[in-house]
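> Produce the complete structure using the sequences and hints provided.
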Amino acid sequence: MVESSNASSDFTPFDEFQCKVPNLGISLPFQATLFLSYSSVGVCSFIGNLLVMVVVLSKKELRTVTNLFISSVSAADLLITAFSLWATPLAYFQQVWKFGQFMCYGVSAIQGASLIWSPLTLAAIAVDRYKLVSSPFNPQINTRTCLAIIMAIWAGALLMLMPMLAHVHYFKVGKCYQYCVEIWPEERYFRLLYGLFILLIRSVVPLIIISFCHYRIACILNDQTARVQNYRSTTSIRHAIDISRKQRLQTLLLVMVIIFAVTSIPLDIFNVLQDIETVFRIHVTNQSIKSYIFLLTHWVAMAGTLLNPLVYAWWNENINKEIRARLLFSTHQRKSAVLL
1 MVESSNASSD FTPFDEFQCK VPNLGISLPF QATLFLSYSS VGVCSFIGNL
51 LVMVVVLSKK ELRTVTNLFI SSVSAADLLI TAFSLWATPL AYFQQVWKFG
101 QFMCYGVSAI QGASLIWSPL TLAAIAVDRY KLVSSPFNPQ INTRTCLAII
151 MAIWAGALLM LMPMLAHVHY FKVGKCYQYC VEIWPEERYF RLLYGLFILL
201 IRSVVPLIII SFCHYRIACI LNDQTARVQN YRSTTSIRHA IDISRKQRLQ
251 TLLLVMVIIF AVTSIPLDIF NVLQDIETVF RIHVTNQSIK SYIFLLTHWV
301 AMAGTLLNPL VYAWWNENIN KEIRARLLFS THQRKSAVLL
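Numbering follows full-length UniProt numbering, in which position 108 of the sequence shown is assigned residue number 108; successive positions increment by one, without gaps.
There's no promise every hint is true.
As the list claims (entries may be wrong) - Computed list of lysine-lysine pairs in DSBU-like fashion (alpha-carbon distance at most 30 Å, straight line):
{"id": "1", "residue 1": "K321", "residue 2": "K246"}
{"id": "2", "residue 1": "K172", "residue 2": "K98"}
{"id": "3", "residue 1": "K131", "residue 2": "K321"}
{"id": "4", "residue 1": "K246", "residue 2": "K59"}
{"id": "5", "residue 1": "K290", "residue 2": "K60"}
{"id": "6", "residue 1": "K131", "residue 2": "K59"}
{"id": "7", "residue 1": "K172", "residue 2": "K60"}
{"id": "8", "residue 1": "K290", "residue 2": "K172"}
By construction, these hints were calculated from the structure, which means they are not laboratory data.
This is the structure in structure tokens:
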């Protein structure tokens, strides 16, 4: 329950009765499980994504184009973890908004934009890798161009969210309730079309681009591997090592894309179905079941923010070594402090 700033001593028992939030019908064990699940994902995601960003940005030799793109994904995941991971389920449970006007608009913008930043950045990575493999002797994306692409993706995502943000409203009702909701009173069909547009931009188009690029990369690398196997020279051995490195990186990026698809698409589908229900005023199931479905799909989407840095730290040898070195150094410092 949220008590508004103009609440006074004349708060009556009837007002208190009115302030009681309706029960969503979610069992206490399930709530406890969700709390532990969200907390675990939040802590691990924050540490993991922060580590990846610090490691990449602090060492010049690690600031490659691919690593900078990955840092952008980690930055988006870090913002989701800091602002959306905890606020959205809490607001859903309580059915009121307790975090003030600034957070109302801030969480809406960050959550929406970050869910667009990641897939578009993964698509940019796929295009970059395809250019590198298919045309290794042509000019490639440099660091300055990479940063410009990242800035364009982030700015473009915010621009695409303007219609939604224009319909986000924060308001108070009586002495108890504060709400942060989207209201599309005369534009119900536009809301559905807008939701489908966002689904297209953040899921369908990136997955098509990524699938095409990875398919072509796999074909090129397989062809190169077949040709290298026919030679035994020192040059061919070096070429085989280079192909193996590229295949390892392709596997890493492919796993990240699979994580994105598996964790994000269920929530996208749920949101579109919610829009369809609202527009056509149909009710497929009751509110209690929808609450379970939303919280599960939202948690799965949030879990994706944890898996990306874990996968990247595991597959990328340079990042893996640097993270291990930092953790070992930190452990050594703590042991030295204890001995002193």
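> Sort out which numbered hints this structure fails and list those numbers smallest first.
Violated hints: 5 and 7; rest satisfied.
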